[in-house]
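Protein sequence lines correspond, in order, to chains A and B. Using UniProt numbering, read the first sequence as starting at 1 and increasing by one per residue. Using UniProt numbering, read the second sequence as starting at 1 and increasing by one per residue.
Heads up, none of these hints are tricks.
It does not matter which identical chain is meant; a pair holds if it fits inside one copy or across any two.
Within a straight-line C-alpha distance of at most 27 angstroms, the following computed DSS-like cross-link-like pairs (lysine-lysine) qualify: (1) K173 to K116; (2) K34 to K116; (3) K173 to K104; (4) K159 to K104; (5) K104 to K34.
Hints listed in this document are in silico derivations from the structure and should not be mistaken for laboratory results.
Number of protein chains: 2
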Amino acid sequence: MDNRKGFHQSLEELQRDLLRMGVMVEEAIFLAVKSLAKLDGVIAQQVIAGDEAVNEMMVDIESSCLRLLALQQPMASDLRVIGTAMKIVTDLERIGDHAVDIAKTTLRLEGEQLLKPLVDTPRMADMTKDMLRDALNAYVKKDLEIARGLEQKDDAVDKLFKQIFLELEELMKSDPTHVHQAILLLLVCRMLERIADHATNIGEWVIYMLTGERQELNH
Amino acid sequence: MDNRKGFHQSLEELQRDLLRMGVMVEEAIFLAVKSLAKLDGVIAQQVIAGDEAVNEMMVDIESSCLRLLALQQPMASDLRVIGTAMKIVTDLERIGDHAVDIAKTTLRLEGEQLLKPLVDTPRMADMTKDMLRDALNAYVKKDLEIARGLEQKDDAVDKLFKQIFLELEELMKSDPTHVHQAILLLLVCRMLERIADHATNIGEWVIYMLTGERQELNH
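All chains, full assembly: derive it from the sequences and hints.
Here it is in structure tokens:
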């Protein structure tokens, strides 16, 4: 009985840690895109340095998952909750890596002038952060509706990405000197689109956890 | 005693399944890049259709992992082998997704003429497939040296990617009508570079499994 209680406390701690890791990578996305919009190398370095803590967090959470699985004999439903945590943590770590890649883009462009002020890119970043928060909430609250709602939000991000893609393509066509920067900005937006995919993945894991069914949210 | 033997048989089956899944995504990369080099929509469709089997394989392997973890009480070393399988399967699934994205690029370009015959892109694809095979061998053979060797191979892929990047950039600068296709080819090469990163990730999981230490192979 006591043991069981210890198990559920550990499970709650695990979920709290996942949320904390989620906040860390959310902050990393925010700072990375801010560093790019201001071409501020100091902020970019901060994002890059912060990634180690995200990676450590991943290792800690994974160890907790394995310990919970091995030392306790979780029931089927708890088993899926823990298995899902192991998938989510991988997505969060990748999101952190994307934030680092965006910050590295800032360092490559530092000292240049931006072709135009970044408006859509920070908007896209906000949308992906919002999706990430939804995904983690869906997991912790076991909320199927929130998880399913990610499909529509991911479509909106994809749409914005396509629009930015076309704009950058036109910029490149209009003036060859724009090509270098436009490519880098395109890759940044592609990373943001990937971050949205990771949030959508998390939503899919949650649906699987709750229903046992695989549902593609990402078309 | 019998139970223990059953466990090790299940573990071996799990590893065989992982290798099979590895072969499937290797084939997907090969076909996707072939479809692109020939702008052959039929092959591209084949890659896209094949992704469902990859996803099913992922679900199966994950279920096996959770079952092994829950029903048996694996010892610490087996625990890590299973935990690592759960990470690897995610990387393999993402590699499959990238192959699909490359195949979709073929469909977007179908009917056009390629700016120039693809030489470096198939070469990059071969390198990433080679890395993937190494990564899975390192896992199954518990071979630290093979895992560590991925670092150097990943550097070679990164170097080739940078070279292709510069070439495509020059193509875009030289003629605005090249921009659209060059962007798409650039994104394809970026995906191949990501596939190499996934193989490198697998190498990192293997090192962690064998030594308990996290080592960054990807700089």
